[in-house]
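Two independent chains are provided; combine them into the complex using the hints.
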Amino acid sequence: MVTDTPADTTPDTAVEERLRELAGSVPDPELPMLTLAELGVVRGVRRTGAAAVEVELTPTYTGCPAVESMAEDIERVLRERGGMAEVRVRRVLAPAWTTDDITPEGRRKLAEAGIAPPRTTRPSGPVPVTLSTRRAGPAAPETDLRCPHCGSAETELLSPFSSTACKALRRCTTCREPFDHFKELT
Amino acid sequence: MSAAPDPATVDPAAAAGALALGDDALVLSHRLAEWTGHAPVLEEEVALANIALDLLGQARTLLSLVGDEDELAFLREERAFRNVQLVEQPNGDFAQTIARQLYFSVYQELLYGQLAAGGEAAPLAPLAAKAVKEVAYHRDHAEQWTLRLGDGTETSHARMRAGLDALWRYTGELFRPVEGLAVDWAGLEAAWLETVGGVLERATLTLPEGPRATGWSAGGGREGVHTEPFGRMLAEMQHLHRSHPGASW
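So the sequence lines, in the order shown, correspond to chains W and Z. Using my numbering, count along the first sequence one by one with no gaps and you end on 184. Using my numbering, count along the second sequence one by one with no gaps and you end on 250.
Bear in mind the hints are in silico, worked out from the structure with no lab data behind them. Predicted model, so just to flag it, every value in this text is computed and none were measured. Incorrect hints may appear among the rest.
20 Å max Cα-Cα, derived EDC-like pairs, lysine to aspartate or glutamate [claimed, not checked]:
| hint | chain 1 | residue 1 | chain 2 | residue 2 |
| --- | --- | --- | --- | --- |
| 1 | Z | 134 | W | 182 |
| 2 | W | 107 | W | 19 |
| 3 | W | 107 | W | 26 |
| 4 | Z | 134 | W | 19 |
| 5 | Z | 134 | W | 98 |
| 6 | W | 107 | W | 142 |
Examples of chain W residues lying across from chain Z (beta carbon under 10 Å, computed) [as the list claims (entries may be wrong)]:
| hint | residue |
| --- | --- |
| 7 | 93 |
| 8 | 95 |
| 9 | 143 |
Reference excerpt, derived from the structure (chain Z facing chain W, CB under 7 Å, subset only) [said to hold, decoys possible]:
| hint | residue |
| --- | --- |
| 10 | 44 |
| 11 | 47 |
| 12 | 57 |
| 13 | 59 |
| 14 | 131 |
| 15 | 132 |
| 16 | 134 |
| 17 | 226 |
| 18 | 244 |
Beta carbons are placed, not taken as given, at the ideal position from N, Cα and C, and that holds for glycine.
Extracted from the complex, chain Z is given alone in its bound form (with noise of 0.2 Å):
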């Protein structure tokens, strides 16, 4: 089955917005995966196995607008890889990976919004506008559980506490402008600061302070710069692909 439109029609500059889109969800997809097996009841088990399998799906929509989706996903280099930081952070405990899920989900709905918003004609506006739906559940679900760890026990609001200190300096890259990407970064910015300083703040917990957007700072991952545990992740993401060329079952 054909997905269109075909990788040669797009433009190069949709292309970039598209493979830095399409790498946040395909690395944030494997992330969550890593928590099948490992996740605290069976209902978040599956919760967060269906949020990485439509993250995937946007990934393999996205990825197809630049290229073969196979070898974008397991031949490629960590430094071609054009994911924020953010998304390439191990899990941590389960606060940890919601903290992460609040940051990314709220960010990507408003990020998918706008392109949503840009009209059918926009070549990544189709997949945003289907997403959005989607990543609504993701960010309710991030929602929910911030408001339980953080409103909860002594022990889960210092655990959701040190979860959102921890990944508070990746957020500062979610907001530089993309190549390719026709969106309103400041707005996307200052709604995101918004909506992520409502939720904690009906959680008892309270924005994060420390540098997100200075020399500081974390970024780097849409020029390809990564953290360290991202070449692991990749190492074992890919392994199989690559120890097998070609096979197929």
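Same shape as in the complex, but just chain W (with noise of 0.2 Å):
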């Protein structure tokens, strides 16, 4: 009998789940306490094969030099751990990635290790039920930025550049101490 889906490349849910966990437990190179799932940066996991499988990364900047070694990390741990002969990682840019993609873990897991998350410009997650009549305007962040060291919303900002591409450089006007913040990308 002839069909159009050969036995060996039925999707097979149950394993493709699992390849999605597998590559979006790679932790970032540069931001190791984040995963890459949690940065929001796997767009896709399909099996092609039995053992072939396609993921679509996409690059939090243009220029973001971790994206190879990403794309290294995600290959092996797929080869080694998911059973795949063939792993293809194909770059994708659209639709951009913007720092709403980061997940509310990954904003607590940043701000643990000194790095202020970016302020959300829309929910992420479930929209909680609320008697609040307060409302943000459309581009106007929902979450304040503050000192990761002490917790205070008076800061200011240093450098809008800092160590890698997607942060700027900030000091907290109440514990003077300088810290890195997660710049918004929206």
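Structure (structure tokens):
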């Protein structure tokens, strides 16, 4: 019998889900406290054969040098732990990544590591039901920028560019400590 | 890792547009990287290197639409580069670098904005939509420094003024239509003059006078005609690759 879908490429949701988890579990090379899933850069994981998989990866910044080592790490983990013989990582640009793609867990981990997370401009995850009438404007940040050391909201910008393309350098005017801020890209 | 789409599938007109914009980004990236180790303060060292890195990322994506990015960057002769002459101008002092940044980042932000609005089917739209957000930070950086230097001391004002004047004649070329790019060039120029003029006014400066789009102004970069300092820049940028063909580490 001839079928359009050969038996060995039948989509296996459980396997694909496992591969997605493995690819997403790779730590970011420059921010190792975050996984790629928490950073929101793994766009899709699709099996293209019994032991072949294609991963779509989007860069945070066009020139981010970490993208190449992310791709290598994904290839390695899917070969070694995912049992895939053929792994293809494809770089995709559209739709452009934004800092709103960082998960709430990712934000928590950034703050814990002393990096102020980016402010969100749209709610990520489920929107809580609230009786409050307070509404943010369309592009207004929904969260505050706070010093990751003392929690003060009184901070100042030292430079919009810092140790990596995605960060700005700020200083807390309350505790006087400088800190990195994962700057908004929306 | 592969970048989509494949150069073979990009139509020749779009490839010509990608080459022009890719060369702009590559050449300016190299010029900015020359500041590494020489910037006036550590924060600027980091800022200029970050801006250079963003531009290099844009250049790699754009040149990959045309062919092999390394061959295009390192093995082409001067006359084959299609960048505007503005980006190849030497850094000068810090104020002149900021003047170049202001002129170029305002242009690039408006240009990418138009290309991004062209719809996802346009070959350059995904890159433009992504890069326009990065360039907004470059423009803000140039704007903040223009305000600080222009509205600063007598010396900083004079230097900012001199930097703006020195590069003015290279700005007319920015608005000459480029094959393969669906852009409203007249609208782009009007918006550029308004934005740059607004920043300069706030910085207690004015738009320079003098020719910028006449027979006596500069231009020709898009046709491969470049100014004398560009050859020396290319010699430095390409010599390692040319001296060790095929080397890897």
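* Checked against the structure, which of the hints given earlier come out wrong? -> 4, 9, 17 and 18
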